[in-house]
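Colleague: Got chain Y; can you put chains Z, D and V on it based on the hints?
If you want the building blocks of each chain, they are given just below.
Number of protein chains: 4
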Amino acid sequence: MVTPLLDDDQVDKQGLERLVEHLIKGRVHGIFVLGTTGEAPSLSYTVRQEVIQLTCNQSNGRLPVVVGITDCAPSESLKLAEWAAQSGASAVVAAPPYYFGMDQAELVSYYQKLADRSPLPVYLYNMPSHTKINISLQTVQILAQHPNIIGLKDSSGNAVYFNAVLHALKEDPSFGILVGPEEMMASAVLMGGHGGVNGGANMFPSLYVDLYHAALNKDCDKVAELQGYIMEISRRIYCAGNNGGGYLQGLKAALAFLGICSGHVASPLRNFNDEETTRIKEHLCYFKERNFVG
Amino acid sequence: MVTPLLDDDQVDKQGLERLVEHLIKGRVHGIFVLGTTGEAPSLSYTVRQEVIQLTCNQSNGRLPVVVGITDCAPSESLKLAEWAAQSGASAVVAAPPYYFGMDQAELVSYYQKLADRSPLPVYLYNMPSHTKINISLQTVQILAQHPNIIGLKDSSGNAVYFNAVLHALKEDPSFGILVGPEEMMASAVLMGGHGGVNGGANMFPSLYVDLYHAALNKDCDKVAELQGYIMEISRRIYCAGNNGGGYLQGLKAALAFLGICSGHVASPLRNFNDEETTRIKEHLCYFKERNFVG
Amino acid sequence: MVTPLLDDDQVDKQGLERLVEHLIKGRVHGIFVLGTTGEAPSLSYTVRQEVIQLTCNQSNGRLPVVVGITDCAPSESLKLAEWAAQSGASAVVAAPPYYFGMDQAELVSYYQKLADRSPLPVYLYNMPSHTKINISLQTVQILAQHPNIIGLKDSSGNAVYFNAVLHALKEDPSFGILVGPEEMMASAVLMGGHGGVNGGANMFPSLYVDLYHAALNKDCDKVAELQGYIMEISRRIYCAGNNGGGYLQGLKAALAFLGICSGHVASPLRNFNDEETTRIKEHLCYFKERNFVG
Amino acid sequence: MVTPLLDDDQVDKQGLERLVEHLIKGRVHGIFVLGTTGEAPSLSYTVRQEVIQLTCNQSNGRLPVVVGITDCAPSESLKLAEWAAQSGASAVVAAPPYYFGMDQAELVSYYQKLADRSPLPVYLYNMPSHTKINISLQTVQILAQHPNIIGLKDSSGNAVYFNAVLHALKEDPSFGILVGPEEMMASAVLMGGHGGVNGGANMFPSLYVDLYHAALNKDCDKVAELQGYIMEISRRIYCAGNNGGGYLQGLKAALAFLGICSGHVASPLRNFNDEETTRIKEHLCYFKERNFVG
Numbered sequence: 001m002v003t004p005l006l007d008d009d010q011v012d013k014q015g016l017e018r019l020v021e022h023l024i025k026g027r028v029h030g031i032f033v034l035g036t037t038g039e040a041p042s043l044s045y046t047v048r049q050e051v052i053q054l055t056c057n058q059s060n061g062r063l064p065v066v067v068g069i070t071d072c073a074p075s076e077s078l079k080l081a082e083w084a085a086q087s088g089a090s091a092v093v094a095a096p097p098y099y100f101g102m103d104q105a106e107l108v109s110y111y112q113k114l115a116d117r118s119p120l121p122v123y124l125y126n127m128p129s130h131t132k133i134n135i136s137l138q139t140v141q142i143l144a145q146h147p148n149i150i151g152l153k154d155s156s157g158n159a160v161y162f163n164a165v166l167h168a169l170k171e172d173p174s175f176g177i178l179v180g181p182e183e184m185m186a187s188a189v190l191m192g193g194h195g196g197v198n199g200g201a202n203m204f205p206s207l208y209v210d211l212y213h214a215a216l217n218k219d220c221d222k223v224a225e226l227q228g229y230i231m232e233i234s235r236r237i238y239c240a241g242n243n244g245g246g247y248l249q250g251l252k253a254a255l256a257f258l259g260i261c262s263g264h265v266a267s268p269l270r271n272f273n274d275e276e277t278t279r280i281k282e283h284l285c286y287f288k289e290r291n292f293v294g
Numbered sequence: 001m002v003t004p005l006l007d008d009d010q011v012d013k014q015g016l017e018r019l020v021e022h023l024i025k026g027r028v029h030g031i032f033v034l035g036t037t038g039e040a041p042s043l044s045y046t047v048r049q050e051v052i053q054l055t056c057n058q059s060n061g062r063l064p065v066v067v068g069i070t071d072c073a074p075s076e077s078l079k080l081a082e083w084a085a086q087s088g089a090s091a092v093v094a095a096p097p098y099y100f101g102m103d104q105a106e107l108v109s110y111y112q113k114l115a116d117r118s119p120l121p122v123y124l125y126n127m128p129s130h131t132k133i134n135i136s137l138q139t140v141q142i143l144a145q146h147p148n149i150i151g152l153k154d155s156s157g158n159a160v161y162f163n164a165v166l167h168a169l170k171e172d173p174s175f176g177i178l179v180g181p182e183e184m185m186a187s188a189v190l191m192g193g194h195g196g197v198n199g200g201a202n203m204f205p206s207l208y209v210d211l212y213h214a215a216l217n218k219d220c221d222k223v224a225e226l227q228g229y230i231m232e233i234s235r236r237i238y239c240a241g242n243n244g245g246g247y248l249q250g251l252k253a254a255l256a257f258l259g260i261c262s263g264h265v266a267s268p269l270r271n272f273n274d275e276e277t278t279r280i281k282e283h284l285c286y287f288k289e290r291n292f293v294g
Numbered sequence: 001m002v003t004p005l006l007d008d009d010q011v012d013k014q015g016l017e018r019l020v021e022h023l024i025k026g027r028v029h030g031i032f033v034l035g036t037t038g039e040a041p042s043l044s045y046t047v048r049q050e051v052i053q054l055t056c057n058q059s060n061g062r063l064p065v066v067v068g069i070t071d072c073a074p075s076e077s078l079k080l081a082e083w084a085a086q087s088g089a090s091a092v093v094a095a096p097p098y099y100f101g102m103d104q105a106e107l108v109s110y111y112q113k114l115a116d117r118s119p120l121p122v123y124l125y126n127m128p129s130h131t132k133i134n135i136s137l138q139t140v141q142i143l144a145q146h147p148n149i150i151g152l153k154d155s156s157g158n159a160v161y162f163n164a165v166l167h168a169l170k171e172d173p174s175f176g177i178l179v180g181p182e183e184m185m186a187s188a189v190l191m192g193g194h195g196g197v198n199g200g201a202n203m204f205p206s207l208y209v210d211l212y213h214a215a216l217n218k219d220c221d222k223v224a225e226l227q228g229y230i231m232e233i234s235r236r237i238y239c240a241g242n243n244g245g246g247y248l249q250g251l252k253a254a255l256a257f258l259g260i261c262s263g264h265v266a267s268p269l270r271n272f273n274d275e276e277t278t279r280i281k282e283h284l285c286y287f288k289e290r291n292f293v294g
Numbered sequence: 001m002v003t004p005l006l007d008d009d010q011v012d013k014q015g016l017e018r019l020v021e022h023l024i025k026g027r028v029h030g031i032f033v034l035g036t037t038g039e040a041p042s043l044s045y046t047v048r049q050e051v052i053q054l055t056c057n058q059s060n061g062r063l064p065v066v067v068g069i070t071d072c073a074p075s076e077s078l079k080l081a082e083w084a085a086q087s088g089a090s091a092v093v094a095a096p097p098y099y100f101g102m103d104q105a106e107l108v109s110y111y112q113k114l115a116d117r118s119p120l121p122v123y124l125y126n127m128p129s130h131t132k133i134n135i136s137l138q139t140v141q142i143l144a145q146h147p148n149i150i151g152l153k154d155s156s157g158n159a160v161y162f163n164a165v166l167h168a169l170k171e172d173p174s175f176g177i178l179v180g181p182e183e184m185m186a187s188a189v190l191m192g193g194h195g196g197v198n199g200g201a202n203m204f205p206s207l208y209v210d211l212y213h214a215a216l217n218k219d220c221d222k223v224a225e226l227q228g229y230i231m232e233i234s235r236r237i238y239c240a241g242n243n244g245g246g247y248l249q250g251l252k253a254a255l256a257f258l259g260i261c262s263g264h265v266a267s268p269l270r271n272f273n274d275e276e277t278t279r280i281k282e283h284l285c286y287f288k289e290r291n292f293v294g
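Residue numbers (my numbering), protein chains in the order written: chain Y, 1 to 294; chain Z, 1 to 294; chain D, 1 to 294; chain V, 1 to 294.
Any given hint could be a false lead.
[Claimed, not checked] If you only want the chain V side, here are some residues facing chain D, beta carbon under 8 Å, derived: (1) Ala-164; (2) Ser-187; (3) Gly-228; (4) Ser-234.
Keep in mind that the hints were calculated from the coordinates and are not lab data. Idealized CB from N, CA, C, for every residue including glycine.
Just chain Y, same shape as in the assembly (with noise of 0.2 Å):
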């Protein structure tokens, strides 16, 4: 889920109302806030606490929240997961530290105190491209064995990593596996693979949870239908920006067009200029005559 804002600060509590009531009706099996997604490090810990506030309160209990504790202080992941469970959250992900240069037996070892003391359980978050370091394979072996770490989430993109993982976890069907990058969700799927998490079902989230299914019952033909669409949605609004970024900003664009809740993007990312987001715009016309919102 993305983090709704009306500035740097301030939640657009509206907005995030609306967002969840959107996500429920679209039939999502969960909502993980403050991921990357959730422009997580960006924003002060008054506006993350509120985020996960009004999240639990507005779901309500309907389904489980999964709250992003990532953090390069254990201490204050550690504070964020007990905020989640006073608030009435399912369960925590944290990606690595990010700051300093880790190795393998650092991370093991990090993780392991991060569970131990976590009053909810965990999920490790493999996310290379902003971490600057992989959970190994047999990193993920080692932490599945801890009671209170019970899956992964990898956005690492990497199909020979995933597929490693999978099998190597196979026997230990209990440890959940999930992947990011939704360009790859449905394969994902079909190989085993137990979910996505995955950005663009703020806007369309019955798309994903349709692709999600196909992929799940093997309907190789509703996956090719469907994929056709989550790359068309990766082509017009992904990369939509002047400079080659600009997954966040036109996310956040589409979903302030779509009337769900306010675009900003959150220091130190910059928002779209106007002919950015008039492509976004006009982009959005495609999914719409084909009645994608909801």
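Modeller: For chains Z, D and V alone, kept in the frame of chain Y given last:
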């Protein structure tokens, strides 16, 4: 196809002939020599020419031979392409020059000039871990319009990229999109990819051919079964090195134990030590017991 | 300045006071707390505030205190800047936000907003190995024009970059250009750099002050002599870890043996094991014999 | 030394002869052909052999000629080394093979075998931006003991690394330690480095020779003066490209305007466009007015 070597500068001719027969018996649809698995950059030009000629002679038109011509000097690449054409090869494969950093415009220009002058049709070869540059989606789209560029082999391991290429070029089915890493071959074909160029097929060609057909036929149960073996090969043979690496060393050591060809790996890569070689031998029992050879 | 810690969440107050006195006695020209060597990203905000206050109180105006406010959330950086101002610090230092990838335009905008709102003057902090982004020469030139941006600390280790910054800004001597890695401090000052912010000064402050003055006075013989000791510190203390890393662990272990402060390194980094600690102890004899302490 | 080219496959022989005379007149202490600035990896072997022979013939024993033999295939490197020996060159320079990822043990083994078989003494060439591997300090120390390995050219730009190598090998003054990037040549020599291998010396050899002698003599005022010109060359000639790159293009365009040799840059790098070329021409006035040519 690996390059069977007696030592750094001497081809294992009989091993090469046995390997070609082994592959043909395993029903592969083509042979790719002098790629990364073929250790081409480590081989003298004399050895490379010999490998081209021996492979073309031995296969003798029974299946297409595709030749890697990757080189930092365009004129050396073209000499290899001419040699390949004269020897009876069907196509060539070229990764980007890998010493100087280039931008995408330079990459487009490089491939256009190469394709203009190549006597054989050209496959692009995306291998960013080794060449330091990713052939961007946009660059692939531009180059796909060149009449002498007929496809892409993607060894990035990045499923987001691979699926984006598939989607962008789906109106042009004559442009072949092949995947390098065997651990993601099945999912790539399930999503519409045209095939795999997989190192493990040197050992067990029919296994990879069967997996390809299972994926092509959307037989997801069969895919799941065979994928399991592919992942075991990856785990037992490619990851057997003491220091993380070892794909090529493991593969060649296995081929030696299978009696197919010499296991020598060309400098600058080191050969496995006794402990590592023994591990390969033990792991091979797993596959022999399952009657994979052939 | 390192952050003396009893454990991950508890400042070694007496150690911190001893360390401040040790530095002042060593004639350093200022104290920089909560940088990379200060492990700031690993510390809770409570601990960071405590470090600021204790250092300012202990130094009590005898020399300027400069405070690292690097954070991925701009509003958290500003809270630290305000705390620093209230505590009596002289300036703040900020590395780029280090989670999201940014371009140089976003970096310029980030720093401009930060400097607009910071109650204390701001030093840029270039640390690409940790932040994944280099503050380009052009970006430094643009930002140097901001009235509240007063200098750059460059920890890239890249002498080409450092000399280019020196050259580009030589008409603006009020813009301070400091170098991080002590192994290149002398050459940086010889070439016109304004000083060093060197971790080893925690142990032997007067050695670094003497080297700085030798370089400032173009006393190349003295530089050569003292540079030799700096390199021995690098070789014996910073490279003592079993697996390549260990700068911070070596430095803090040495400070403990010197009786200055606790040697605890905050999670996620690991503390040295017994073998590594013993090595530090032995290596310290080399420096003690040469009467470096102090 | 750059490689003067009429087109990708044809040496500008007269330009090469003029360039050799220009360098000798500029009092350089040796000539290094077929390095990165010499675009060796982009050139056919025929062209490389021609460059070796022409340079040796033209210099005719008046100063040592050192030849780059970097190649991914060890046997091709050795063929070049033999050709260099027969042509009268004094030494060879080899960067690590740059296609396959290697570890330091493989690097040690690679260089030992190369040096065992090379008819000329070998310089190590550290160029991690292009080869993807840093020759570690420990590896340099091991290789420095080989009787046929006589020095290191470091083009990493990393002053920490360079100073660590200087310090570690200071007891072995016969091992030559040279620096690549001219922007740090003076500081490298001030700290004890043995010289520079600087691309800009193609244009203004005596400027670089004078800077070297100033640094050798610890004449810091002279160093500061000349360093300013070096940095202007870097700023005006090497950074003139529209998209960030352009060192080689700028250098060769300048050589053409100076009437020394053809400005053609070999594929895959692009040649400057008219706008960029004009910029070089204008910038050259700055240096002509200051009487630098020669």
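Colleague: Would the hint on V:Ala-164 be counted as holding, given a Cβ-Cβ threshold of 8 Å to chain D?
Modeller: V:Ala-164 check passes; min Cβ-Cβ to chain D is 6 Å, inside 8 Å.
Colleague: So, V:Gly-228 near chain D? Judge it on the closest CB pair being under 8 Å.
Modeller: Constraint on V:Gly-228 satisfied, holds at 7 Å.
Colleague: Could you check if V:Ser-187 really has its C-beta closer than 8 Å to a C-beta on chain D?
Modeller: Hint holds; V:Ser-187 Cβ to chain D Cβ min 4 Å, cut 8 Å.
Colleague: Taking 8 Å as the limit, does the beta-carbon of V:Ser-234 come near enough to a beta-carbon in chain D?
Modeller: Status holds, d = 7 Å.
Violated hints are absent here; each numbered hint is respected by the structure.
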